[in-house]
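Participant: Below, each chain spelled out in residue letters.
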Amino acid sequence: MKEEHKHIKAKKYGMVIDLDKCTGCGACMVACMAENNVPFKEDETDKLLSITWLRIYKLTNGKPFPETDICYLPRPCMHCEGQHGHAPCVSVCPATVTDYDMETGIVSQIYTRCFGCRYCMAACPYHARYFNWWDPVWPEGMEKYLNPNVSPRMRGVVEKCSFCFPRYQVAKDKAMAEGRREVEEHEYQTACTQACPAGAITFGDLNNPKHAVYKLKMSPNAFRLLERLGTNPKVYYISSREWVRRSGDNYLANEVKIKKL
Amino acid sequence: MKIDRRSFLSLGMGVAAGTALSPLPWKLIDDISIWTQMWPWTPVPEIGEVNYVNSTCTLCPGGCGITVRKIGDRAVKVEGKEGHPINSGGVCLLGLSGLQNLYGYDRRIKTPLKRIGNRGQGSFQKITWDEAISEVVNKLSEVRSTGQAHAVSCISGSDQGTVAQLLKRFLTAYGSPNFFTMPSMQDSYELALYLTQGIQASVAFDVENSDFVLSFGSGIVEGWGSPVRMFQASSRWREGKGKVVQIEPRLSITAAKSDKWIPIKPGTEAALALGLASVIIKESLYDKEFVENYAFGFENWKDDAGKTQIGFKQFVLEGYGPDKVAKITGIDKSTIISLARSFVRASKPLAIGGRNQGRSTSGRLNEFMAIYALNALVGNINKTGGVWSIPKPGYIKWPKVEMDDVAEKGIKEPRIDAAGSASYPYSQYLLNRVPGILNSGQENPIQVLFVAGANPIYALPNTKAVKEAFDKIPYIVGFSSYLDETAKYADIILPNHVYLERYEDIPTPVGFQKPFIGLAKPVIAPQFETKNLGDTIFLLAKGLGGTIEKAFPWDDYETCLKETLSEKWDSLEENGYWIDSSLKPADWKNAFKTASKKFEFIAAGKAKDIASLFGFSSSTLEGDEASYPLVLIPYDSMRLANGFIGDPPFVMKAVEDTVLKGKDVLIEINPETAKQLGMSEGGFAKLATPVGTAKVRVHLYDGIMPGIIALPRGLGHTAYDKFLGGKGVNFNELIGSVEDPVSGLDATWGIRAKLTKA
Amino acid sequence: MSKLDDKKTDQKGQEDGVRGFIILFFIIGLFASLIVGWMIFPSLLYSKKKQPIDFNHVLHVEAVDQGCESCHYIREDGSFSGVPKLAQCVDCHEEVQGEDPEEAKFVNEYVAEGKEVPWLVYSRQPDCVFFSHVTHTKMAEMDCATCHGAIGESEHSKIYEQNRISGYSRDIWGKNIAGFKKNTWDRMKMDDCSECHVKNHVRQASVQTKKGGCFVCHK
Amino acid sequence: MFPFSFEWIWDMSHMVFHGGLWYALSIIGLGMTYCILKATIDTFQGKGGHHE
Amino acid sequence: MDSALIPVMDDALKPKGVQRCPIWQFALWICIFGAILLWGVYAMFLCWFKGLNQTNMNDAYGFALWIWADLAVIALGGGAFFTGFLRYIIGKDELKNIINYAVLIGFICYSSALLILAIDVGQPLRAWFIFWHANVHSMLTEVAFCLSCYFGVLTIEYIPLVLENRQIDKVPFFHNLAHNMHEIMAIFAATGAFLSFFHQGSLGGVAGVLFGRPFGYREGVLIWPWTFFLFTWSAAACGPCFTIMITKLTEVITGKKLVKQNVIDLLAKISGWMLASYIIAKILDTVYWATVTVPDMGYTLKHFYSNPVYGIWILFLEIVLGGILPAIILITKTGRNNNVTLWIAVVLAVIGVSVNRWVMVLQVMAVPILPFESWYLYLPSWQETATTILPVAYGILLVMLSYRYLPIFPQERELNPID
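Residue numbers (the working numbering), protein chains in the order written: chain A, 160 to 420; chain B, 84 to 841; chain C, 5 to 223; chain D, 148 to 199; chain E, 124 to 542.
Hints should not be assumed to be uniformly reliable.
[As the list claims (entries may be wrong)] With the Cβ distance kept under 8 Å, some of the chain A side facing chain C (calculated, not the full set):
id	residue
1	I215
2	Q242
3	G244
4	M261
5	I265
6	F324
7	Q328
8	K333
9	L411
10	A412
11	N413
Just so you know, the hints here were simulated from the structure itself, not pulled from any lab data.
Virtual Cβ for every residue (Gly too), placed ideally from N, Cα, C.
Chain A extracted, bound-state conformation (with noise of 0.2 Å):
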């Protein structure tokens, strides 16, 4: 095998999410399962206990009639890079199952080999990740849809949001039989941000300057959530509204400012 490593930068994939433009259709989280063989059962009206990798939250400003305000706020997986790529639930991990790769910046997981402890759950401030409480079943006919570049998960593991990364793998493997190493901004976008109705969602790579998360994040209207906690997450939203962007990190009755890390 020839060495493959050359010097190439390190990617940093990430999301902006623009909450003006969301209007909590749900269209990325059916993509998304679709995307993903994420099951389904007959009552999912339990969230908690509802396999849904991206979730739309609904969020309000607490104000009475006619004063209220909502905003819609999708969350998939935040892909927190903590502190060097020590992601809350990857270091928690007892099993070595899941990853944080420097490579792309994604949270990756081996589902085969998670053995189902939860502590990850514990360790996500987002709720991000899911159980499997029940062995999957896809009622006669609809296994027929699965999409065979995601394996399907089993009854007693974790599973969460992968930023779509065999869509990735699928991508690299046109570039590479077309002779090129790296992948175009264009190639690789997640099935939610491929699907949004309004365009909300845009994915790339946060390092890059071409690409066209680097200058959204930028706004000064982006905000992450919980960046007080240090998780340091990839997922950036944008709101004009003030209240909104309050929402995403928790202020002491004195802090007037919102604190950008």
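With chain A fixed as given, assemble chains B, C, D and E onto it according to the hints.
Facilitator: Okay, now just chains B, C, D and E, sitting in the frame of chain A:
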């Protein structure tokens, strides 16, 4: 020597040591864990070559372009088609879960079925296509032979496209005028277009170029119009390219996305539009060029008899001053005035109507007229960023049906719903009137009913009355692909392919500016013994023979479609759509086909007087306030399909837990109102309206006006599969049908209600 | 009570004999279980299956001009075609070509019926594994034989051995029961992939292991 | 767990952690081996039992 | 077997010179607790075969009743290592009179913990990956290793006790084995103490390292958060209290004095001082956390104790009632020597440490972290409850058997001479 227990102990220790030193335990432990990693019951998706097939989504009238990823001969995922004129790559959640309709074997009808149980019970027996066709043919021949040809009627999802037109053609050749479509806001829009501009055309909104959208309760980002297109327009506005003002009693998502939300007393939207018009006129802010040169009936005018009639100007100035409108609508006078001013000051303002998705009901004509008048006042008719009229695609040019005597006679019979008669001269289809007529009459005006691409038992208001009416129809033929509520009511089902298995043309979606045809293509081979509805019609015609057979001179539907689309076919096959991008709306000099060749505020010669067109009256709600102190309104959500297609499992999974919890729907109520009723979040309640009652739970929502409660459409199915059926309440079970006094169209929007703790 | 008391044994000779016996039993147990563990168990663990058609690689390699890639090629999108589908074979095998009864069987049972051959793939990885052929063959310029061995030189299809518990091919899950490995194709478990990746510094970017991240080889 | 495992890195944390672990395991293992062997030898030397 | 043999066998197995309840009474209680045990076993198999959907855990409560039970039993089982540590390392020789029972309780606690863990994981058949693919940075890895090793040590400590059964002891090999194991028990005990210091600490670290969960998160030294030390400390303080509590409970049930007061007094005194120092450290830790750590993340103490069910009172229960009060009782001689106050103290200490483990597991999960979340509430399912009661029944059964047939209490014969 003897063997004692110590020897056995020793033997055991030897075995233990030997086993530990052999691979047996370790390999077993490893293999067992590998077994758990891929339990035999965990499916392994088959690998294969990847292919993409372009098609068009038909799950709603949006007409989005889709591309289906296939692995080998399996369809694996639906994605939005990049660069498509309607949705340019975006796709909604219903479209994305399309494969669950295709592969949802539990909800699909797999072969022709004949009813064996009671109606609605869902007991059927499988029959062959030959049996099914001959049975329906016999029935049709029998009815025809008794001179009852006009008693065969058809309910279709729409009257556009080849399949709907083939159905209509079949009825014509057979001898019945009784073709119906399901109600939608298009009915009122097209009627308004006809009354003011004298043309039969489709209405289009140049939303991409408008910079100020005044929406009277339209769910711009909740499925109104062509949903994905509207989402993309909304995103442009959010980028600062336009402002949106949303007027409705509830903080919908559209309201939250808009720049300003103005809560209004429900049902008073028309009054507000007239109030805004009065401010615009009073302050002389209207587009003088348009109003003075291209409009008629703005000022008072003299009719043919020489009598002076009141014009629009005097009508609104006298009747709808901001003070009065403020009282009616509950909106501050100052808000009304400033809203009117900002609407006019925008460079490309646009007023739109049709509440929620605009698909469940046709709406009040006066409301659409008033909104139309606002557009006319700012002169945005057929202008960039305004409201356009575009001709309906005229690609269907089949030879005229040759009719035999029976057909000639039958077709001249009056329509059951009286549409087009003296009472409702300008309306085409009034399906909403049919259940009432059936239930009140002695005789049975419908002997055989076809239902195609529609689920009237679920989707028409007053489910109970609709069922009662259906009970009176001796023979119902369903053409659905899914075992929906109406299919369950049918006597015989001739199942259509699912859209991913068939060819079909999709004409211009609601509100789109350019003549457009989308093509749905078979992505995979049919999963079951189903037939394209087009082919089924041909088979029926063939069975009936004579002129009916002659009316369909095609070998099969695919040939028919290709011939019909003739020169457009290549573009359709290649891109999945055909578009006439060159079309520009007619300029003002040529746009109006009225008697005055102008835009007519008053619809001269058509309407009785201006008040009948625009006049606002507030007494349109069923139920008395004393017994029913609250007002129940419906709302639509992208996450709840409420038309012909029910939510597939993925979409059900996306439904919020503040909408559905277990099997119970949550009703939105203002915390203040809830407090008065002694109710708290999640509590159970009995919801009663003059039409029906239901068990619900309450969700306290600050965004809803006190005294109003809101229920989502799309739940309460009694059919489909376990993922959808039996959950929540169907809004239609709680409301009665309300007829618009002028158009006769369905104008239901809410009902009085009572909520009691349960 | 007396039943439970140990009998007193006074004779020393007898005691010694018992001790020897005890040791003998230990040795019997030890060897018996070693035989079971090392010899009987491995042969029971795998079921042996014959390929539906005995395939002659030599004959086919001679007949084609691009070696392995003639049938097992990289598609334009970078994916690997794997075992040929019937459509590829039909080009030549529309009719029976030669004398070989296996070929006749193939043509009659599969080609004529339009049925795909249920080949048993010796090197099929579990579903959780992502493997990119294009990366290895095109970018790293590895030969097929490096991993698959001289399969192109085989005249008959070898027996496919399937682990009865895990359901996987013995070729990927370990030819040798003790875990010793002579050739790449004797075993293709995660550590075997990693071994080469570590040696060649392939994407060694994991924070946790300083080796490859999970998604280098998993999906 | 073992130096040949995929997860093993020759770094401080692994040495400390597994050092401690193997140290404890060795003590337990060696201690028990000692006790069993000594008990076997003692038994063959005729110690213990029968002292009622 | 002839049923008449049972009393004969029973007699033969009982230690000499002690009084035991009649066999029918013993059998009755065995049946009662056996039934409870079987109920738990049934629930356990339900969880194994049907999966964890049998529980009321959910994606907000990945850790719940079981993990609490685990942490609690390990803390309470801490009596074994700490008594061992005092007896073998420090040389408090009197404690030999209670060490057997401490070991037995420890053995029960640790075997229960392992059993609960085996039910708790989603894929028990590949749970050994925790060893094979060990991630040394994870507190849970450390817990798993030390727990298993220390369980081994406890087994080693328990074996000689079993071997001392009157019948087993007659086998020369077993007699010698027991003897030899006793000889080097100090080495095992030292290893056990070493392992215990780490895994008790690691269990504290489990919540302490979760920087995404401000309620559990603590700063610390090197890789160890403060909770690491607090957990070891509290286990060392409260474990012996549990040993005393169970000993006293056994005395009440058997109606006999089993351990001399001076032994109890010594252990209680050491516990008292441990508890006192622990609770001071705990208070300091709480104050630092509440005033420095969490405000920095944007939270206030009140936020974490605004739970709709018990609010701030759980903190009061943990620190004042479960810490300060028993510490005061135990460090005063009169408090220790008064039977009632001693009872109160040990029970409160046991409650205190259990509450601590409770909040460090369940409260961590319950607290809303994102500003738009609310409290997550949870009630265990019957299967969870049954499997949590299962170890209790199992423990009682093992205590009953051990007490009846093994010389657990060396002072029993002396304190209860048979006429």
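Participant: Failing hints, ascending?
Facilitator: 1, 2, 9, 10 and 11
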